[in-house]
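2 protein chains.
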Amino acid sequence: MQDNPLIIEVRCNESTMRGANPHLPYSAEEIVREAERSHDAGAAMIHWHGRDAVTGAPDNSVELYRETHAGIRAATDLITKPTLGYISQSGVEDRVKHVRALADDPRLRFDAVPVDFGSMNIDTWLPAEKRFEPGDGVYVNTRNDIAAVLGVFRELDTFVTTVCWDVGQIRTALCYREMGLAPTTTLWEFVFTGDSRPSSAGTNVHALNAMIAEIPPGEPWQLMCYGGDVLPLAALAIVLGGHVSIGLGDHDYARFGTPHNGELVERVVQLADTLGRPVASPAQARELLGMPALPPA
Amino acid sequence: MQDNPLIIEVRCNESTMRGANPHLPYSAEEIVREAERSHDAGAAMIHWHGRDAVTGAPDNSVELYRETHAGIRAATDLITKPTLGYISQSGVEDRVKHVRALADDPRLRFDAVPVDFGSMNIDTWLPAEKRFEPGDGVYVNTRNDIAAVLGVFRELDTFVTTVCWDVGQIRTALCYREMGLAPTTTLWEFVFTGDSRPSSAGTNVHALNAMIAEIPPGEPWQLMCYGGDVLPLAALAIVLGGHVSIGLGDHDYARFGTPHNGELVERVVQLADTLGRPVASPAQARELLGMPALPPA
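Line order of the protein sequences matches chains A and B. Per the working numbering, the first sequence runs over residues 3 to 299. Per the working numbering, the second sequence runs over residues 3 to 299.
Treat the hints as calculated values from the structure; they're not laboratory data. You may find that some hints are simply not true.
One copy or any two copies: either way a pair holds, since identical chains are not told apart in the list.
As the list claims (entries may be wrong) - In silico SDA-like cross-links for lysine to any residue, where the CA-CA straight-line distance does not exceed 20 Å:
{"#": "1", "residue 1": "LYS132", "residue 2": "ALA150"}
{"#": "2", "residue 1": "LYS99", "residue 2": "THR126"}
{"#": "3", "residue 1": "LYS99", "residue 2": "ASP61"}
{"#": "4", "residue 1": "LYS132", "residue 2": "PRO218"}
{"#": "5", "residue 1": "LYS99", "residue 2": "GLU69"}
{"#": "6", "residue 1": "LYS99", "residue 2": "THR160"}
{"#": "7", "residue 1": "LYS132", "residue 2": "ARG257"}
{"#": "8", "residue 1": "LYS132", "residue 2": "ASP147"}
{"#": "9", "residue 1": "LYS132", "residue 2": "MET181"}
{"#": "10", "residue 1": "LYS132", "residue 2": "LEU183"}
{"#": "11", "residue 1": "LYS132", "residue 2": "LEU290"}
{"#": "12", "residue 1": "LYS99", "residue 2": "GLY44"}
{"#": "13", "residue 1": "LYS99", "residue 2": "PHE161"}
Using the sequences and the accompanying hints, generate a full structural model.
Structure, rendered in structure tokens:
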């Protein structure tokens, strides 16, 4: 495992509300603080969503992404991968506008962006009430829209991670490679989901094997667990040569009290240490993924 | 394998156009002919779509379903499972109208109906042209719509097969059980897809294992391959205790010339014979699935 050190990504805030844990970051300053803690704990990459500093509501403004990104860059050398914006946004250009706006600045352009390769129902399951909320939540990514988004990132020469919620989305992504739109240098992101989000593969080794079997051999992959505890899956990924994404944005990890994102990263680092796998620094992770080095400040 | 004989379903015409093979049935008469051939070859169940007799266009009229069903009933004791109608139809009542219309007639009520448990992109991949056609095809089944459809079939006491295109849809179906809407007596249908329809799990044992791992132990499951050759998967299903669906509606099987549906069923019967698994008659299949016997004519 020495030649394949573990890349740990922190998914710090997604669209989760703060609730009982004050460490869920909303503001640029809070995100930068969590970035720094996660970096110091061993993360190589960060994913975040722009949020209103007070209410936590989605805020996908270019200026907020610029401010947050500048703060992360000043504090760490993390690989940066913001969201593409929200489902509520309309149209391809609106989803990519922050990526486009910062693309010409060598220090402030984002290192990577995540692209989802399909559509699925995304309501939350409320087991106590035995109902889905809201009940009509469909995350629609038509194939034409995916093609358009990929076209923009090809034009901007932006590193794209290939986000797949099931095996069919992997197969779809490989079609986009044949079209010359999806990159052959990528990080595959397998989205597993917890019980509150039964939208995707279950959290077991069979589902993971099905995903691994479908990607081209030798390409790097990472897993996450949206709406659930990623740590059991993380152990599988560490042993099977994959990479791990963890964070308060996906799950509250209340079994550890009110952890901040850095503590979650530290759990993964400990796990890797126990299992005998070294952890990649941001610079090593860039090299592993075939990304350019971060330009000096 | 003696106590778990193989249930073979024929999927005779789906929405495939006739093309080079004249045996793809459109009219009620043609569907009944294929039903009879498939029954005689060893099928226990039939799935079909109403089609215009001349053009092959979707025709979901109650009268056409009544005529076709009466013909199948007169010729065979197959378990009958028509489609719920087309994506192009709007609204729950329009999708279930034929099932509702025939529900009070003990001989003409349908034995079973298939319910899909999620949404996904469904365009066709054209490898030579390297594009998706049409490009914006999203098969939307919101969770509220699924609940409404299941409510109707509960009211009509209709046997529901649980159609899942990926592991997440299995998990979703289990939520509907907790809601009291999805039946606990069911046949799980795993939808695999061929290269022309990269919308679903790949056709390998890993994806199959992932599906099997998620359903409650001991419940019956069946697989199909939409847009691809099911026979390699069929061999896995036969050996692993599952059931098999095959037909010209899913794939042209041109490697066998211009087969009719009965010949495809016969291939599965031969495979089962070689692998040492007996084939279920329609009456045995009803018993295996916990369905009532077919009332006498």
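Hints violated by the structure (listed by number, smallest first): 2, 7, 11 and 12
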